[in-house]
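Novice: Next come the chains, spelled out residue by residue.
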Amino acid sequence: MSERILDVQSLTLKFGGLTALDDVSLHINEGEILGLIGPNGAGKTTCFNAITGVYGPTSGDILFQGKSIVGMKKHQITKQGIARTFQNIRLFPTMTALENVLVGADAQHSTGMLTALFRLPKHRREEKQGHDRAMELLRFMGIHRKADELAANLSYGDQRRLEIARAMATGPKLICLDEPAAGFNPAEKVELMDLIRKVRDQGFTVLLIEHDMRLVMGVTDRIVVLEFGRKIAEGSPSDIRDNPAVIAAYLGVDEEDAS
Amino acid sequence: MNFEFFFNNLPELTITGLAFGAIYALIALGYTMVYGVLQLINFAHSEVFMYGTFATLWTVIALNAADANGIKLIAILIVALFASMALSALIALALERVAYRRLIERDAPRLIALISAIGASFVLAELMGLRDRIAGWFGLEDDLSEYVGKARINNSMAGTLEKPRFDVAGVAISSIDIIVIVAAIGMMVLLDQFVRRSRLGKGIRATAQDPETASLMGVNPTRTIQVTFLIGGLMAGVAAFLYMLKIDTTKYDVGFLLGVKAFTAAVLGGIGNLRGALLGGLVLGVAENWGQALFGGEWRDVIAFVLLVLILLVRPTGLLGESLGKARA
Amino acid sequence: MKNLGFRDKLTGLPKPVRILLWILLALFAYALPLLELPIISTPGVDFGGVLFTVTIYCLVALGLNIVVGYAGLLDLGYVGFYAIGAYTVGILTSFHANWPLLLAIPVAVVAAMVSGVILGAPTLRVRGDYLAIVTLGFGEIIRLTAVNLEWLGDARGIKNIAKPPNIGDEKSGLFEIPHLLWGNGTVLVDTEHPTKFLVFGYIDQVPYYWMGLTAVIIVLIADILIKSSRVGRAWEATREDEDAAELMGVPTFKFKLLAFSTGAFVGGLAGGLYASRQGFINPLSFLLLYSILFLAAVVVGGQGNRWGVLLGAILVAYLPQRFREFDDFRVLAFGAALVLLATLRPEGLIPPRRTVRAKQLEQELDELEQGTDEGEEAARV
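Residue numbers (my numbering), protein chains in the order written: chain A, 1053 to 1311; chain B, 771 to 1099; chain C, 2 to 382.
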């Protein structure tokens, strides 16, 4: 349980004169659900983007399973075993739900032009394996009946679920969810909390950005708090709840919500 | 490679290159502004320019400029300039109305708008190229033969103007080249100030940055787009007039190559960027002229494209970057 | 929406019936020049020759559709690859060597593909619209190089390009196939001017059409196989959202380059076949105008849909030949048609199945939303 799967060391990220992340260090243990919280503009999504290779860090290092992933291309990082969803949904709108998940599953495949053209055994094997896995994930997320719908035509909630299924299909060890409950009503949020736990129980490690305190407190094992690009606290949900710095910085504004 | 000729004539080559470049730059404005506001390659802008050249030609014929001189000639040329600007602006506005507006309103894919633009470009060029036949439908081809004759070949106004050369420190400079360069740069400065300072100009910049917010802030998008096309048309008209002063000859398909070059200039300078269009145009004009001297005239057009590819590889956003919206100094 | 119903009916048929239908359709396509159907046939121009041109456009459109329709890369210089294919065949079979055509075509195709990689590797990193202008420049560079280099035959071009090898006797082929002759209400079998199977001569163009049609069918099948695989999905994902695709593990650059070079491959093949039929090429056959016509074929038909782009190609190649009497006004009419099509039917004549479905659903949702609030809720859930 205590094996570090991701280790972010002194990560600093600057855009021109703006320091988006300032010397942030955090780690995720294998099999846990880590919550990353903080007020708007604290650098949560930026941190995500640095981990998944969208931005190169100005300084610092990111180790995944003991290996630095800084400087790797985005798709290489995905193949290493980090998958993500997006705060603002980014599905492939003209593809069906099933095809969206298949694109994720293809991350582990290597069928190329000629293999596909001549329908070699590898193509068939990978298609079958990908298809089975994709349907399994769609069922897991409860949207298998909509497998042949276009992603663009799914309801908002289903689109969010589809994004998680697509990320899981890439075969990650660590799955990063960027505000997966945004726009959900309370009942849907409870459902999602269960789902995130189930994801973890399947053997995935989860990094969760979330605004909703109840959700974060209820589902995470540990929480890291960012403010203005700096880490201000780290600990178990109950520690965070009582941490004066966190209350001052983040919860103080909205104490009711925190209780 | 002809280095001796190149070095012996470097100043002349440069000045002629700048004159061509200034014309490219004026046409490039139309591409760059429309692109800045709509992210659309206005493929038919070359025809806007082509109609301008004919406006100048027809004015010169109609007012009998060949027999005029002195003040009268200058007056005729001024009329020709305004005629060019008016016709080009009219065509640009018609283009926006017929080929684009419906697509813009429905937020159609950009590729579709490009196809529409290509179609419009064919229509405009062919209407000019078939003008003798069209006049024939009305039985006017004889009465208008001066204007509609030679529909598919070169139409020339050579000999209308004297183009004195003068020497500066042993370098023979064509007066026309100087007029072209000064006029073009003057227009660019005016336009730059207009876009920066005037209400309409600010509207254009706001729409380029964020159309939705701009429209919420009371900028009328349709009107802004019209103004953008109008300005592009006016500038193409000026370019057309200057082009006719320098080259004397035009043809129904003259727009195509010039349009491609001008678009190249816009991309070269950083599309969407007004000053970039000027810089891109001048760089392209000079590079072409130098290259022509070094490698031979037959490689002239190749040089333009090779230059474009090279610059895009080194600086993918062009020399000055893309920023109609930001329009920083 | 009508063609949706047609499509549904078609896919609803059992597989053997569908295959039989396809075979019948292919046979009809092969027989087309022999039937000389009165309305379709082109008066004044050899029908076989026109059909050959149609197949070349179909090939080009299929190839360009991979680049533009599937991968979403705007290529305005596709004629460059077509020219490379044609010139390679010209050089190898006539101008600088004496290779047989069947050896030259594969080299031509590979040459086009390699040039696709060389052009694509640096330029596919730049933004989409720049790609358009860079490819446009590439097409022009290829043409101007052909004009300027004596080694490529300059403006005079290359003559005596090899024809495909005959099958059977050179005079009469293996056997002769008669054409039909349509009179006033009667149909006769015209045995006077049969097509010899399979002699690639100068007068009878039908064998070239068969060659072209065969190439189209092969490319079409390959297209179907590739599109419904990991490669096709990667293209589509890249087109829809490049960053998201990359983050889902798609090496987007590699797949864009693959699309680009696959497109070039098909373009080179089309160029090679064209050069062989023509027997003669010069730079005028490779004007930028053709790049635009090719693109128009793809977009008019419905980019991303292989049947749509085939229809587009047929229209773009065939209509101007059919209506030759309006010769002077051809380009004008073509331009006007493009504007009308783009403004009135922006998704193309036959948009991809998905677009149709998406539109339909959108419409349904709109209708529901116009109803009661409950209706709106129902549409959401």
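Wrong hints could be hidden among the right ones.
As the list claims (entries may be wrong) - Covered, in the sense of this in silico footprint (three residues per stretch, anywhere, with C-beta under 8 Å from a C-beta of chain C), are these stretches of chain A: (1) 1131-1140; (2) 1153-1163; (3) 1174-1181.
Bear in mind the hints are in silico, worked out from the structure with no lab data behind them. Predicted model only: the values in this text are computed from it and were never measured. Ideal Cβ placement from N, Cα and C applies to all residues, glycine included.
Novice: Now look at each hint and say whether the structure bears it out.
Specialist: Tested hints:
no. : hint      : result
1   : 1131-1140 : holds (count 4)
2   : 1153-1163 : holds (count 8)
3   : 1174-1181 : holds (count 3)
Checked against the numbered hints above, the structure breaks none of them.
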